[in-house]
Amino acid sequence: MTTSPLSPHLQIYKPVLPMIFSITNRIAGIIFAISLPFLALWIGSSFYAPILFKFISSIYNFPLIKIIFVLWFFALNHHLLNGIKYFFWSFAKGMELNQVYLISYLILSVNIIMTVFFIWYIFV
Amino acid sequence: MKGSTKWYLQRFTSLTLVPISYWFVIFFLNNLNLSSENFINSLDSNFVKLLIIIFFCVAVFHTRLNLLTIYEDYFNDNQVRLYSRLTDSVLLLILLFILPIIFI
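These protein sequence lines map, in sequence, to chains V and Z.
Residue numbers for the first sequence follow my numbering, so the first one is 19 and each next one is one higher.
Residue numbers for the second sequence follow my numbering, so the first one is 611 and each next one is one higher.
To be clear, the hints were calculated from the coordinates, so they are not data collected in a lab.
Some hints could be false.
As the list claims (entries may be wrong) - Covered by chain V, per the in silico footprint, the following chain Z stretches (three or more residues, Cβ under 8 Å):
hint: 1; stretch: 624 to 630
hint: 2; stretch: 635 to 642
hint: 3; stretch: 649 to 662
hint: 4; stretch: 669 to 675
hint: 5; stretch: 678 to 690
Stated by the list, open to error - Derived pair list, reagent style BS3-like, types lysine-lysine, alpha-carbon separation capped at 25 Å:
hint: 6; chain 1: V; residue 1: Lys-72; chain 2: Z; residue 2: Lys-659
hint: 7; chain 1: V; residue 1: Lys-103; chain 2: V; residue 2: Lys-84
hint: 8; chain 1: Z; residue 1: Lys-616; chain 2: V; residue 2: Lys-111
hint: 9; chain 1: V; residue 1: Lys-103; chain 2: V; residue 2: Lys-32
hint: 10; chain 1: V; residue 1: Lys-103; chain 2: Z; residue 2: Lys-659
By construction, the Cβ of each residue, glycine as well, lies at the ideal position given by its N, Cα and C atoms.
Between the sequences and the hints, there should be enough to build the whole structure, so can you do that?
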């Protein structure tokens, strides 16, 4: 399928902020991909099997699971905000080093603020 | 698939997913503690159904494109083949579960 060489493994790099944002963006994407079947199960079961839906929705409303959803939202939001950044990078916009750092901190702050709103909404 | 086609598809799907994912999060928060009857009632609008189906179809496509890229980056050919088959089956199941909401 592919003859290209594998990526060098992460531990050989000295961690810097843009690299941390890049790898966490991938990890966040994978987390969201893993959550997709659970979301599909929740929506689909309302139609296929109301008993299963009741069971799933009682699990999803369990406070401990809600904490997982908060982390899920944090990861999703990180992936979406970073995705916007990479979209601009595709057109070579915002690639100056100071801009890269500024945008990274901005992404983190916006994400924290939005996650606080999410926590407020999901628990109240 | 040509590299440039893949590149355009990745950008196109991610751009579509940004607004629709935020809509989905709001939908999720509003419907999390509904009973199944109320939940089905909230799905009883063509606009909501359309958005959910677009969200899942585009998300599944975006996931497939980008997970394969990740597999190709970190695993050897045999692993890539195995993992991509597993991914495809799970993604197909997701679509099979979601698409029937058209009939609600």
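Against the structure, the hints come out as follows:
Counting residues of the stretch 624 to 630 of chain Z whose CB falls under 8 Å from any CB of chain V gives 4; the rule of at least 3 is met. For the stretch 635 to 642 of chain Z, the proposed coverage by chain V is satisfied: 4 residues have a C-beta within less than 8 Å of a C-beta in that chain, meeting the threshold of three. Counting residues of the stretch 649 to 662 of chain Z whose CB lies closer than 8 Å to any CB of chain V gives 4, which reaches the minimum of 3, so the coverage claim holds. Counting residues of the stretch 669 to 675 of chain Z whose CB lies closer than 8 Å to any CB of chain V gives 3, so the stated coverage by that chain holds, three being the minimum.
With 8 residues bearing a CB less than 8 Å from a CB of chain V, the stretch 678 to 690 of chain Z meets the requirement of three and the coverage assertion stands. Distance restraint check for Lys-72(V) and Lys-659(Z): the Cα-Cα separation of roughly 21 Å lies within the 25 Å cut-off, and the hinted pair is therefore satisfied. Between Lys-103(V) and Lys-84(V) the alpha-carbon distance is near 28 Å, which puts this suggested pair outside the 25 Å criterion. The straight-line distance between the Cα atoms of Lys-616(Z) and Lys-111(V) is roughly 21 Å, inside the 25 Å bound, and the hint therefore holds.
Our distance criterion of 25 Å between C-alpha atoms is met by Lys-103(V) and Lys-32(V), whose separation comes to about 22 Å. As the CA atoms of Lys-103(V) and Lys-659(Z) are separated by approximately 30 Å, the hinted pair breaks the 25 Å bound.
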